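S.K.: Spelled out from the first residue to the last, the chains are:
Number of protein chains: 2
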Amino acid sequence: MKPIKVGLLGIGTVGSGTFNVLKRNQEEITRRAGRSIEIAMVADLNIERARELTNGVAEVVNDANLVVNNPDIDIVIELIGGYGIAKDLVLKAIANGKHVVTANKALLATHGNEIFKAAQEKGVMVAFEAAVAGGIPIIKALREGLTANRIQWIAGIINGTTNFILSEMRDKGLDFGAVLKQAQALGYAEADPTFDIEGVDAAHKATIMASIAYGIPMQFDKAYVEGITKLEASDIRYAEDLGYRIKLLGITKRTPEGIELRVHPTLIPEKRLIANVEGAMNAVLVQGDAVGATLYYGKGAGAEPTASAVIADLVDITRLATADPEHRVPHLAFQPAAISDLPILPMAEIVTSYYLRMHVEDKPGVLADVTRILADLSISIDAMLQKEPGEGETRTDIIILTHQTKEKNIIAAIEKIEALATVTGSVIKLRLEELS
Amino acid sequence: MKPIKVGLLGIGTVGSGTFNVLKRNQEEITRRAGRSIEIAMVADLNIERARELTNGVAEVVNDANLVVNNPDIDIVIELIGGYGIAKDLVLKAIANGKHVVTANKALLATHGNEIFKAAQEKGVMVAFEAAVAGGIPIIKALREGLTANRIQWIAGIINGTTNFILSEMRDKGLDFGAVLKQAQALGYAEADPTFDIEGVDAAHKATIMASIAYGIPMQFDKAYVEGITKLEASDIRYAEDLGYRIKLLGITKRTPEGIELRVHPTLIPEKRLIANVEGAMNAVLVQGDAVGATLYYGKGAGAEPTASAVIADLVDITRLATADPEHRVPHLAFQPAAISDLPILPMAEIVTSYYLRMHVEDKPGVLADVTRILADLSISIDAMLQKEPGEGETRTDIIILTHQTKEKNIIAAIEKIEALATVTGSVIKLRLEELS
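Chains as they are written, first to last, in full-length UniProt numbering: chain R, 1 to 436; chain H, 1 to 436.
The hints are simulated quantities; they were obtained by calculation from the structure and are not laboratory data.
Please note: incorrect hints may appear among the correct ones.
Cross-link-like lysine-lysine pairs, in silico, DSS-like; alpha carbons within 25 Å at most [what the hints assert, rightly or not]:
id	chain 1	residue 1	chain 2	residue 2
1	H	271	R	230
2	R	387	H	172
3	H	429	R	387
4	H	387	R	172
5	H	429	R	271
6	H	429	R	230
7	H	230	R	406
8	H	172	R	406
9	R	172	H	271
10	R	271	H	222
11	H	172	H	122
12	R	429	H	271
13	R	429	H	172
14	H	387	R	408
15	H	172	R	271
16	H	230	R	429
17	H	172	R	408
18	R	230	H	408
19	H	416	R	271
20	R	117	R	23
21	H	408	R	222
22	H	172	R	172
23	H	230	R	416
24	H	230	R	230
25	H	429	R	222
26	R	222	H	406
27	H	271	R	387
28	R	230	H	387
29	R	429	H	222
Because the structure is a prediction, the values reported are computed rather than measured.
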């Protein structure tokens with residue numbers, strides 16, 4: 001089948017991330033989508049940089065109209081941002097019968113109704129997974145995963161900059177201003193951070209989520225927007241004394257009188273999972289009447305996380321628009337002909353870390369014997385715990401955490417440790433995963 | 001448009017949950033799917049109970065063959081469980097050209113390859129969101145939301161029974177046997193809990209996730225399966241001393257040599273979000289090369305959470321099979337004609353709890369004045385914190401957490417509190433959400 005041709009408007013951070021991931025994972029993505037997806041054309045005002053980044057693989061132009069008017073282009077990715085040119089180009093692409101993928105929350109929250117109406121009339125898709133919470137597939141969850149539910153409320157940490165600032169304010173007891181400067185130096189906040197710190201970016205995203213959760217038009221103008229600039233370190237401390245964390249939340253709730261739609265710093269009980277989302281991470285908590293609460297967590301920004309969402313939309317459109325109905329989304333996620341025969345490894349070959357507990361005589365030399373056995377098998381020790389023997393006991397427990405090794409090495413080590421005269425009974429073995 | 005006719009095989013816990021949610025949220029679901037979805041026929045051996053539950057709305061039969069052979073049925077939901085009859089019926093439904101929705105992980109993990117081959121040849125969909133992690137849309141995330149990524153590993157708490165037992169063992173310092181009995185009494189463990197506590201159920205689910213993450217056939221027979229029955233309370237305690245929690249994880253990893261696929265009790269650092277998933281909740285952590293780590297959390301079992309996943313599959317199939325390609329998944333999640341005009345509430349009308357901080361003179365009567373103002377506006381106090389004045393100071397901070405009230409009441413209260421002679425400056429107001 002001939003490739004899907006994609007035109008990319010704007011090759012900045014997310015654009016180059018999209019270009020790179022699409023190239024790096026081309027084989028994997030084709031196995032899923034059923035046909036190859038290629039960025040055939042790139043428009044950017046910085047034509048030199050665009051040429052460098054695309055390295056001759058795509059046609060590079062400085063006039064985005066050449067992309068949206070090109071009859072060979074199937075899907076247009078809009079990564080220009082803002083409401084002006086971006087809106088014109090999206091509407092032109094739609095008028096030309098092209099599907100559109102965009103990460104532009106500001107555009108959708110303020111002009112989405114007009115854009116979706118045009119797309120509906122023209123029969124094209126407009127996909128926007130990247131507009132909310134970066135790589136977390138929260139749009140898909142709300143639009144498709146939770147369709148059985150009456151959504152009752154959504155509360156999300158949907159701006160990484162402000163969550164980073166709040167985490168630092170809490171960790172270091174610093175005031176807003178000091179942390180903002182540090183965040184800017186680290187690249188977690190932009191030179192002009194107004195949209196982030198005043199809550200506008202979060203409100204754009206909350207507006208989009210409210211729309212697809214309840215089936216209402218985008219109404220950014222009715223959202224209440226309050227940022228974190230006036231937050232004092234003392235309030236973060238007092239909240240903590242009372243068992244709460246302060247997070248900038250985008251909240252939307254269904255009530256009998258209407259929909260609440262608001263962004264503001266919010267105290268939440270520290271025992272909630274979402275209260276423990278730190279640094280630049282995002283998380284969205286959704287309450288549905290059937291499913292209860294579900295939480296979606298991940299990176300809400302950055303080149304490749306956002307690219308992950310942009311490309312998921314490309315694959316969705318490719319699957320929906322080009323396959324026959326019954327084979328549109330492959331049963332096993334990959335196209336049937338693309339199922340691979342990667343072997344499942346036998347357990348002896350897996351690699352992980354281990355917790356070992358052994359019951360030993362409390363006398364010199366025991367630990368030396370045990371560590372020698374581990375060293376001989378190239379198993380290195382990460383941590384150790386030796387308990388005092390109980391009152392009147394001569395034996396005690398030693399617990400060892402190892403670094404990563406093959407399971408067969410651990411099995412060999414355990415056999416040797418159990419053969420030591422100073423060790424009683426079996427060595428208890430548990431596996432340990434850092435999950436980092 | 002005429003309704004989609006669904007046949008339900010088995011109306012036990014999940015079946016009746018599906019029936020009830022579909023009925024309760026009929027309007028909402030139709031707005032999303034574009035047409036009505038009706039359970040027209042139910043097969044169950046307990047025909048009396050089935051009649052009672054369906055209350056004359058669906059035709060009730062005791063021979064499931066009547067459902068899978070009925071030409072009026074578009075989609076068959078298989079909720080019988082097990083490998084025997086369930087497999088025959090699913091294959092018959094497919095042979096008769098019906099789409100299938102199933103929650104049967106055991107069936108898919110062991111006979112999935114045969115079932116998906118038959119479905120592929122016949123051109124019907126087999127959807128199974130409910131087979132892994134109940135209401136959490138993890139299958140959709142892996143199959144559609146993360147298609148840009150080379151999935152590197154998945155680690156999931158995908159069995160609620162064992163997670164409940166491990167949480168209780170840790171909280172109460174009890175041994176496995178004691179907690180199992182308690183879990184059975186509470187309904188968190190079945191009378192015969194073997195599949196859960198020996199890790200088999202988790203291994204079925206891990207097998208399914210590995211298949212769709214890497215594009216490999218289902219290979220349950222190659223999974224390593226170790227349960228929690230031999231876990232001792234002392235190991236949970238020692239692990240905790242070292243900064244770890246023990247969870248039963250379903251793990252699958254891509255390595256240069258092949259795929260790891262294993263279920264076993266696992267130590268994980270306590271600071272990871274997934275280490276803090278307690279009780280019967282489920283969570284799946286997925287590492288992709290572009291998106292990084294994303295986490296999906298929610299209820300992994302129960303009538304309505306599982307029904308949420310079953311119905312999401314029904315809506316998916318309805319959207320895919322019955323709309324024209326461009327309008328298949330509505331832009332705003334609801335069909336364009338079904339967008340509603342629910343009002344967005346003005347901020348004065350929203351209801352939440354509040355954190356109030358005020359700077360006051362440290363003398364008798366101040367607190368009485370403040371609490372009187374709150375009481376007069378029917379605002380009740382949840383917690384209070386009064387700091388000692390600093391060395392040589394005569395003023396101090398009072399922090400009050402209120403119960404839920406309308407924002408306009410709080411604004412009125414703040415106006416009155418700020419007018420008190422004993423209160424200096426502005427009252428700081430932050431909103432508080434329990435998110436429970």
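S.K.: What are the numbers of the hints the structure violates, in ascending order?
M.R.: As far as the earlier hints go, 1, 3, 8, 10, 11, 14, 17, 19, 20, 22, 24 are violated by this structure, in ascending order.
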